[in-house]
Amino acid sequence: MAEETEQKPAKPAPAAPAAPPAKTKEEVLADPIVAAVASAMPAAFVNAKDAIGEISLYVARESIVDVCRAFKADSFTYLVDLCGSDYSTFPGHAGERFCVNYLLYSFEKNVRIRLKVFVADDVSVPSVTSVWKTANWHERETFDMFGIRFEGHPNLERILMWEGFNGHPLRKDFPIRGIDTGARIYPEVFPPGGGPAAGSTGKSHEDVNIWKGPAVPYGRSPKGQVPETKQVEAPQGSSDEGKADA
Amino acid sequence: MTQTMLNLHEMEISFGPQHPSTHGVLRVMVKIDGERIVDAKPIIGYLHRGTEKLFENMNYPQCVPHTDRLDYVASATSNEGFVGAVEKLLGITDQIPRRAKIIRVMLAELQRLSSHLLWLATHAIDLGAMTPFFYTFRERELILDLFEDYCGARLTLNCMRIGGQADDVNAQWLQKLADFLGIFDAALDEYESLLTTNRIWRKRTVGIGVITPEDAIDWGLTGPPLRGSGIEWDIRRAFPYEVYSDLKFEIPVGRNGDTYDRYLCRMEEMRQSKKILEQCVTMIADTKEGDLKAKVSRVIRPAEGEAYFSVECPKGELGYYIIADGKNPNAYRCHVRPPSFVNLSALPDLVKGHLVADMVAVIGTIDIVLGEVDR
Amino acid sequence: MSATLPVVASMFGSIPEPIVNYVIWPTTKFVIAFAVIMGIVAFTTLVERRVLGFMQARLGPNRVGPQGILQFVADPIKLLLKEDIVPAGAQKAAYFIAPMLPIIPAFLAFCLIPFGPPPTFAIADVNVGLLLVLALTSTGVYGIILGGWASNNKFSLLGGLRSAAQMVSYEVPFGLSIVGVLMLTGSLSLVEIVRYQEQSVWNVLPQLIGCFIFLVAMTAEVNRAPFDLPEAESELVAGFHTEYSGMKFAFFFLAEYASMLVNACLIVLLFFGGWTAAIAGHGLTTAAMQSMGWLGMILGFLIFGAKVAFFMILYIWFRGTFPRYRFDQLMDLGWKWMIPLALANIVVTGLVILIAQSGGAS
Numbered sequence: 001m002a003e004e005t006e007q008k009p010a011k012p013a014p015a016a017p018a019a020p021p022a023k024t025k026e027e028v029l030a031d032p033i034v035a036a037v038a039s040a041m042p043a044a045f046v047n048a049k050d051a052i053g054e055i056s057l058y059v060a061r062e063s064i065v066d067v068c069r070a071f072k073a074d075s076f077t078y079l080v081d082l083c084g085s086d087y088s089t090f091p092g093h094a095g096e097r098f099c100v101n102y103l104l105y106s107f108e109k110n111v112r113i114r115l116k117v118f119v120a121d122d123v124s125v126p127s128v129t130s131v132w133k134t135a136n137w138h139e140r141e142t143f144d145m146f147g148i149r150f151e152g153h154p155n156l157e158r159i160l161m162w163e164g165f166n167g168h169p170l171r172k173d174f175p176i177r178g179i180d181t182g183a184r185i186y187p188e189v190f191p192p193g194g195g196p197a198a199g200s201t202g203k204s205h206e207d208v209n210i211w212k213g214p215a216v217p218y219g220r221s222p223k224g225q226v227p228e229t230k231q232v233e234a235p236q237g238s239s240d241e242g243k244a245d246a
Numbered sequence: 001m002t003q004t005m006l007n008l009h010e011m012e013i014s015f016g017p018q019h020p021s022t023h024g025v026l027r028v029m030v031k032i033d034g035e036r037i038v039d040a041k042p043i044i045g046y047l048h049r050g051t052e053k054l055f056e057n058m059n060y061p062q063c064v065p066h067t068d069r070l071d072y073v074a075s076a077t078s079n080e081g082f083v084g085a086v087e088k089l090l091g092i093t094d095q096i097p098r099r100a101k102i103i104r105v106m107l108a109e110l111q112r113l114s115s116h117l118l119w120l121a122t123h124a125i126d127l128g129a130m131t132p133f134f135y136t137f138r139e140r141e142l143i144l145d146l147f148e149d150y151c152g153a154r155l156t157l158n159c160m161r162i163g164g165q166a167d168d169v170n171a172q173w174l175q176k177l178a179d180f181l182g183i184f185d186a187a188l189d190e191y192e193s194l195l196t197t198n199r200i201w202r203k204r205t206v207g208i209g210v211i212t213p214e215d216a217i218d219w220g221l222t223g224p225p226l227r228g229s230g231i232e233w234d235i236r237r238a239f240p241y242e243v244y245s246d247l248k249f250e251i252p253v254g255r256n257g258d259t260y261d262r263y264l265c266r267m268e269e270m271r272q273s274k275k276i277l278e279q280c281v282t283m284i285a286d287t288k289e290g291d292l293k294a295k296v297s298r299v300i301r302p303a304e305g306e307a308y309f310s311v312e313c314p315k316g317e318l319g320y321y322i323i324a325d326g327k328n329p330n331a332y333r334c335h336v337r338p339p340s341f342v343n344l345s346a347l348p349d350l351v352k353g354h355l356v357a358d359m360v361a362v363i364g365t366i367d368i369v370l371g372e373v374d375r
Numbered sequence: 001m002s003a004t005l006p007v008v009a010s011m012f013g014s015i016p017e018p019i020v021n022y023v024i025w026p027t028t029k030f031v032i033a034f035a036v037i038m039g040i041v042a043f044t045t046l047v048e049r050r051v052l053g054f055m056q057a058r059l060g061p062n063r064v065g066p067q068g069i070l071q072f073v074a075d076p077i078k079l080l081l082k083e084d085i086v087p088a089g090a091q092k093a094a095y096f097i098a099p100m101l102p103i104i105p106a107f108l109a110f111c112l113i114p115f116g117p118p119p120t121f122a123i124a125d126v127n128v129g130l131l132l133v134l135a136l137t138s139t140g141v142y143g144i145i146l147g148g149w150a151s152n153n154k155f156s157l158l159g160g161l162r163s164a165a166q167m168v169s170y171e172v173p174f175g176l177s178i179v180g181v182l183m184l185t186g187s188l189s190l191v192e193i194v195r196y197q198e199q200s201v202w203n204v205l206p207q208l209i210g211c212f213i214f215l216v217a218m219t220a221e222v223n224r225a226p227f228d229l230p231e232a233e234s235e236l237v238a239g240f241h242t243e244y245s246g247m248k249f250a251f252f253f254l255a256e257y258a259s260m261l262v263n264a265c266l267i268v269l270l271f272f273g274g275w276t277a278a279i280a281g282h283g284l285t286t287a288a289m290q291s292m293g294w295l296g297m298i299l300g301f302l303i304f305g306a307k308v309a310f311f312m313i314l315y316i317w318f319r320g321t322f323p324r325y326r327f328d329q330l331m332d333l334g335w336k337w338m339i340p341l342a343l344a345n346i347v348v349t350g351l352v353i354l355i356a357q358s359g360g361a362s
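Residue numbers (the working numbering), protein chains in the order written: chain U, 1 to 246; chain E, 1 to 375; chain G, 1 to 362.
A hint or two may mislead.
The calculated DSS-like cross-link candidates involving lysine-lysine, where the alpha carbons are at most 30 Å apart (straight line), are [said to hold, decoys possible]:
#1 U:K116 to E:K53
#2 U:K72 to E:K31
#3 G:K29 to E:K41
#4 G:K78 to E:K31
#5 U:K49 to E:K41
#6 U:K72 to U:K109
#7 U:K109 to U:K172
#8 U:K49 to E:K275
#9 U:K72 to E:K275
#10 E:K352 to U:K172
#11 G:K29 to E:K203
#12 E:K295 to E:K31
#13 E:K41 to U:K109
These are calculated hints, taken from the structure and not from any lab test.
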């Protein structure tokens, strides 16, 4: 464990496998896999990336349903996955806070592509439940975990957490130790949803439900432990030669 | 959901979370008219442990044991998916030694057998056939013994490492595996003799929970529910990982997309898994003993980027989507694409209009594990 | 009757003989029979678990006493000591009465069943014995319906409803399948039916279809696999007895096994020659047994017991083999197959008897 906590200044990153130069947006959009849709609605695509064999298209929020329809018509009939992510503490990220990731698969081309839609807090995303039925639960989960609302969803309610839970657990400002959720056994005594919202709680960890005592660090917290200088020195640091396993 | 007045003929029953045939803590609010299901609404989350949140707060190797707890009856494939995703992110997928890959395939296929055996046991007992439960557990015990011999654990294996395998297999283990494979066909025949041609079994499963191929794709189903509808699609064939491209196996598909076809699919899948294992036993002889790990740094810190990697777990496509920020030795975001979760979401459509007893059959046939649904 | 046991009769010397014959002697026999049957029923649960264990590649209970043989004593003791839970909102009176209702007729039916050669083993040889047995066994369903309704549980209610529908549906083929036997034997007395069989052949041969229908219907009557829908654990948790615990649960349990035993006795008496082992008057007939004295009585009882044991094990065998029917399929089977088949059986039997009689007359 001690070796993992980088105490001495990091060495320059060793020569990582020479990655091919990143493709530009135009190059990716011209890829035959996505070219048909991309050329039909060029305005919808904000950005595009192609890394480790996975194409990511950054789609404007309002045109996501149209883009999905177009891709579905163009053999991408299968929605593999839909999930959210919170970029609020992502190093160097300056855009909108949340991202919804759609993973599409084409049986004909046997290839997956990813669509990414960035949204700010409190901005809803058009729902793709009208395109794929499977999006229903995925969107509910994304709403539950991140609080991203989906416009036009038939039944947007919590799915993994219980009704009345305050907060969205996968947001980066949600404490890993949990919060006093306000969930009580006796609702007539304690009104439902009576607890503080995630991130807004003024209570210290000592006051939270069952966990008494000082906070014990567990694993690595997402921010605060990495020296700021390292960002400049080793942007690509994928391995550490001095400590490589035999 | 909006509160609607119950029709006077209708009754709402809470099917679960403590119920013998919901395979864990699934709860289905069922609106029934007599015994016919008018509406069904699955309620999940009773087993939610915030695994994805934990993944964000642990370094990559620490996450592997947590993947065991997702699909706790098929932990080897859960491990495989996660380590595969990290390896893809690190760009070392090609550097994994062949012996390690073969061991992974063997563990994953054994896990598929064990998971399918458990599925058969519970599915049969859901439909009132008690005896297959004990027969399958007899063979499953042998598989768990093999796991125990390999890594010390029987259920939550934690048997794969990022970059390769921690432990090698020896000749004794391979012999034990070969012995097991030798008796397995006869065991499968024994289960089938109790069920496949049984009139009551067929009455209970043929035509129940029919999924058309279009619906299957629309619902995003994977695994046997998709193949039972006649779509020949398997991650092991579509995106071959490990050594699956060198292995000969067939993908069984159904015709009608009903419960019976999915049953037949899974039975045939077990036979195919057995074939794969036999090939692995011969293939591993050509590899160097002890050559198990690729060169991986002690602190795993992938470059900024994102990767989606999926494996064919017994339930379907188990995918891991990892976003790395390039600064921290832990995932910035790790999303699990659980097959049970997606397959379960089709439940309301599948059971509407059927009887309560059929819902039990349908829940059994989509083979869910709540640890994976709720994460 | 008292003539057979002068010693016992002399004990009641001062009591008028009719009272001894019609009150005390039958009561004594019934009390003995009740105790024995209670033991047999409890023992059946152990046998079921051991036999199922044998079929399912496991052991079954084997810790209490040698080979687990005392398990059937341990179970009731455990159940007696269990907490007796009454769910909130249950209909208290009905909830308490319900477990008693099925067990009384089940045990009462044993009064009418001759376990061996008369007179010793027939507690009451009633000339409409068969009808009385049918009447008694079909009242058992009331307890199940009442228990299902009184528990204030939706699963129990569904179990009770299923049970009601199932009993009503299978009571009909159950009764109809016997008609063929009655036409052949011309008697409703169970002793007479056995006497008829020992003089000709076991009814199972001329009444094969009737026997088959009876076998299916009797399995459905007592809610055993593959017709165990009222208590289908994978659908209705435990059906009508979901909310029952302790001795109340044990009562339902005992009633089920007692009914199984009654039905197994019935099929043996009606179709398999009862306590005899004779064809066309040759072999171990009732008369032969009676002439052997006590030895013959016990021999008859053992033969009867062996035949009943076979059918009890058949129940268990069914349970180990078959999946469960669905509710509508069960109804289909009952109404669309069993009843028409039973009716056809009656018609054919009647025709054959008619032809045989007219042939004999001409």
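Do the hints match the structure? See the list:
1. Restraint check: the Cα-Cα separation between K116 of chain U and K53 of chain E comes to about 21 Å, which is no more than 30 Å; the hinted pair holds.
2. With a CA separation close to 34 Å, the supplied pair K72 of chain U and K31 of chain E exceeds the 30 Å bound.
3. Straight-line distance between C-alpha atoms of K29 of chain G and K41 of chain E comes to about 58 Å, which puts the hinted pair past the 30 Å bound.
4. A hinted pair counts as satisfied when its Cα atoms are at most 30 Å apart, and K78 of chain G with K31 of chain E does not qualify at roughly 38 Å.
5. At roughly 39 Å between alpha-carbon atoms, K49 of chain U and K41 of chain E are farther apart than 30 Å, so this suggested pair is violated.
6. For the proposed pair K72 of chain U and K109 of chain U, the alpha carbon gap of about 13 Å is at most 30 Å, so the pair holds.
7. Of the supplied pair hints, the one linking K109 of chain U and K172 of chain U is violated, its CA atoms being roughly 36 Å apart against a limit of 30 Å.
8. With a C-alpha separation of about 40 Å, the suggested pair K49 of chain U and K275 of chain E falls outside the 30 Å cut-off, and the hint is violated.
9. With a C-alpha separation of about 37 Å, the suggested pairing of K72 of chain U with K275 of chain E is violated against the 30 Å cut-off.
10. Between K352 of chain E and K172 of chain U the alpha-carbon distance is near 39 Å, which puts this suggested pair outside the 30 Å criterion.
11. Note on K29 of chain G and K203 of chain E: the hinted pairing is violated, with a Cα-Cα distance of about 47 Å set against a maximum of 30 Å.
12. With a CA separation close to 57 Å, the supplied pair K295 of chain E and K31 of chain E exceeds the 30 Å bound.
13. Between K41 of chain E and K109 of chain U the alpha-carbon distance is near 35 Å, which puts this suggested pair outside the 30 Å criterion.
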